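With the hints as constraints, model all of the structure from the sequences given.
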Amino acid sequence: MINTMNKKMGIILAVISAIYLYFSFTLPEYPYVPVDSDAVPIVLGFILLFLSVLLYFSKSEESEEEKLPKGEGKVILAVLGFVLMFILLLEPLGFVLTTFLFISINSRFLGYKKWVSNIIVSLALPLSIYFLFVSFLKIQLPSGILPF
Amino acid sequence: MSIFEGILTGFQVALSLKGLSFVFIGVVTGTIIGMIPGLGPITAIAVMIPITYGMDPALALLLMAGVYYGSAYGGAASSILLNAPGESMAVPTTFDGYPLAKQGKAGKALAIAALASFTGGTISVILLTLFAPFLAKVAISFGPAEYFALMLMGLMTVASFSSGSTIKALISATVGFIIATIGIDSQTGTARFTFGNINLMEGIDFLVIALGLFALAEVTSLIRERKERSMFDSEFGSMKLSKAEVKELSVPVTRQSLLGFIIGVLPGAGGTIASFLGYITEKKLSKKPEEFGKGSIVGLAAPESANNSASSGAFVPLLSLGIPGSGTTAVMLGALIVLGVQPGPLMISDHPDIFWGVIASMYIGNVILLILNLPLIPYISKLLKVPKPMLISLVIMFCIIGVYGISFRTFDLFLLVIFGIIGYFMARMNFPAAPMLLAFILGGMMERSLRQALTISDGSLLIFVQKPISATLLAIAFLSFIVPLLKTWRKRKSDGDAEETDSQAS
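Protein sequence lines correspond, in order, to chains A and B.
Every letter in the first sequence is one number past the one before it in my numbering, and letter 138, counting from 1, is 138.
Plus 148 on top of the position in the second sequence (first one is 1) and you've got my numbering.
Simulated from the structure, these hints should not be mistaken for laboratory data.
Here the structure is a predicted model, which means the values were calculated and not measured.
Every residue gets a Cβ at the ideal spot worked out from N, C-alpha and C, and that includes glycine.
Just to be clear, a hint being listed does not mean it is correct.
Result set (BS3-like, lysine-lysine): computed pairs, CA atoms no more than 30 Å apart in a straight line [stated by the list, open to error]:
id : chain 1 : residue 1 : chain 2 : residue 2
1  : A       : K70       : A       : K113
2  : A       : K113      : B       : K533
3  : B       : K533      : A       : K114
What the simulated footprint calls covered on chain B by chain A, stretch by stretch (three residues with Cβ under 8 Å from a Cβ of chain A suffice, anywhere in the stretch; the number is not a length) [unchecked claim]:
id : segment
4  : 189-202
5  : 361-372
6  : 430-442
7  : 457-470
8  : 534-540
9  : 555-569
Okay, structure coming up:
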């Protein structure tokens with residue numbers, strides 16, 4: 001059982017290197033240079049293939065990956081979902097509003113129960129960052145549906 | 149420009165009111181970020197990059213130097229107060245720092261850590277001042293073959309020195325290099341592995357990788373620990389040191405500062421090795437080795453001065469050769485390039501103001517850390533009381549701002565999440581992330597010099613062995629790759645000897 005992780009990873013990495021090698025060999029040719037753009041990728045692909053074979057046959061001295069406690073995987077996936085929503089809504093809704101929603105919902109979800117301080121932080125922080133970036137650092141963050 | 153003149157010009161910028169306040173802001177911000185368990189200098193520098201974007205480079209450098217030293221100190225502070233080292237380099241700090249804090253001497257421990265870091269940093273920067281221009285003079289004769297060999301050696305030594313399996317570290321480095329090949333090839337204009345996506349044409353920004361692999365991946369372990377209330381609530385105690393204590397510390401701290409510098413200059417070996425080695429040697433040399441691990445002040449000071457000295461020592465190859473030797477200096481290189489500063493042998497002759505500006509800001513960063521940050525540390529550490537759920541949301545937000553503030557594309561944010569997921573799985577399967585980041589940054593440079601060298605030699609690989617410097621460097625690279633592999637092979641052959649080789653490896 002100890003070796004299963006190395007074997008699994010070895011196979012996955014070998015597949016990745018094979019795909020990478022395939023795309024490296026199909027790169028268009030450019031005849032006017034001694035070393036074309038596919039040389040380095042091809043070498044890298046073979047190195048990765050070689051290393052994944054080594055990994056497959058190597059005995060792991062480390063313990064197997066630890067199991068996540070029950071339900072933790074779901075919590076991490078939920079946070080991942082919030083982050084993806086954050087990214088999707090960032091440009092349409094604007095930085096301040098999206099960040100407000102993200103901080104308040106995500107913190108509440110992870111177990112922060114004080115509503116009042118939650119709302120204050122998740123409103124004050126994006127607002128101050130927004131104005132710091134836009135007026136002081138001259139970096140335009142998406143304003144979205146808010147008028148400023 | 150002589151060394152003296154150069155330093156004076158650098159200090160002129162650094163000592164202005166504006167300059168000082170930027171270092172101060174940097175040191176405090178760095179301390180706060182470094183204190184968050186799991187987040188270290190790499191994240192701190194990466195998050196600050198968009199903020200320095202478009203700033204006067206001299207001031208931005210001061211800010212970065214502050215962030216750099218601040219985050220290292222913040223890591224030490226969380227090691228001492230919470231027994232939670234932010235990264236491997238700060239692990240030996242917990243051995244004696246946390247026992248001291250439990251004895252109610254947290255203030256003293258923080259003061260010793262600051263003093264030791266200050267001494268290590270300062271001695272190291274002085275040596276850097278003397279050493280870097282010299283190395284740059286040597287490096288000016290380097291051709292692409294030598295550069296390629298040097299970078300390959302750096303990458304190989306990092307991979308073989310990193311904790312855990314060498315094969316995994318090498319895989320990590322190879323994948324980093326592979327990611328670097330995405331985008332338009334600068335020599336032929338061929339679009340490689342972009343799959344027609346215009347967002348990938350320019351390649352992937354290193355910030356996406358740094359923040360994804362390090363900060364975002366670390367969020368998952370914060371999520372798992374969100375219910376733990378690891379707060380520091382005992383007494384801080386006095387921050388004063390007695391004369392006898394200073395005397396006791398002076399010799400080990402000086403010794404470790406010198407040793408740390410040498411380790412830092414060597415590619416591959418970095419702060420982690422320096423701090424562990426510092427702890428072990430001082431324990432061996434100490435008259436009271438039985439105190440180590442129970443709150444010895446020497447045991448706390450030794451790794452702190454060693455790792456800070458090594459971190460500054462790592463700037464020697466970065467500034468004089470333009471080659472980073474560790475994950476942290478790799479991000480620093482990225483930050484410098486964003487500011488329009490290209491480190492390398494030509495920097496000292498072509499842009500002496502910037503070169504000496506970097507050095508001066510390192511001196512100032514150290515001083516500010518000691519005289520302004522230290523008195524504030526009891527107040528800054530109150531921020532550790534920010535509830536974990538809120539902290540997690542904020543770290544995620546800063547990662548997203550960090551990437552968006554540089555690229556203004558949601559595409560890069562999705563990439564950030566992907567690298568966060570990759571980093572998460574890498575951490576769970578014990579693949580080190582630093583070689584991947586370093587290989588990604590070195591990858592483009594290595595490919596360029598490899599192809600330049602082969603253009604010069606008209607395609608003959610002999611150019612790498614005909615030149616003595618490049619041949620030597622390649623030999624070292626080869627050895628650092630083959631020796632650990634032979635070790636694992638020998639271990640497989642005779643399982644009974646496994647324990648022995650293990651203790652040798654560690």
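So, going through the hints one by one against the coordinates:
Using a Cα cut-off of 30 Å, the hinted pair K70/A and K113/A holds, with the two alpha carbons roughly 22 Å apart. Note on K113/A and K533/B: the hinted pairing holds, with a Cα-Cα distance of about 15 Å set against a maximum of 30 Å. The straight-line distance between the Cα atoms of K533/B and K114/A is roughly 14 Å, inside the 30 Å bound, and the hint therefore holds. Residues of the segment 189-202 of chain B lying with their CB closer than 8 Å to a CB of chain A number 4, which satisfies the three-residue condition for coverage.
Under a criterion of three residues with beta carbons nearer than 8 Å to beta carbons of chain A, the stated coverage of the segment 361-372 of chain B is upheld, 4 such residues being counted. Three residues within the 8 Å Cβ limit are the bar, and the segment 430-442 of chain B against chain A gives 0, so the coverage statement is violated. Only residues whose beta carbon comes within less than 8 Å of a beta carbon in chain A count, and the segment 457-470 of chain B has 0; fewer than three means the coverage is violated. Only residues whose beta carbon comes within less than 8 Å of a beta carbon in chain A count, and the segment 534-540 of chain B has 5; three or more means the coverage holds.
A stretch counts as covered by a chain when three or more of its residues have a beta carbon under 8 Å from one of that chain; for the segment 555-569 of chain B and chain A the count is 6, and the coverage holds.
The structure shown violates the earlier hints numbered 6, 7.
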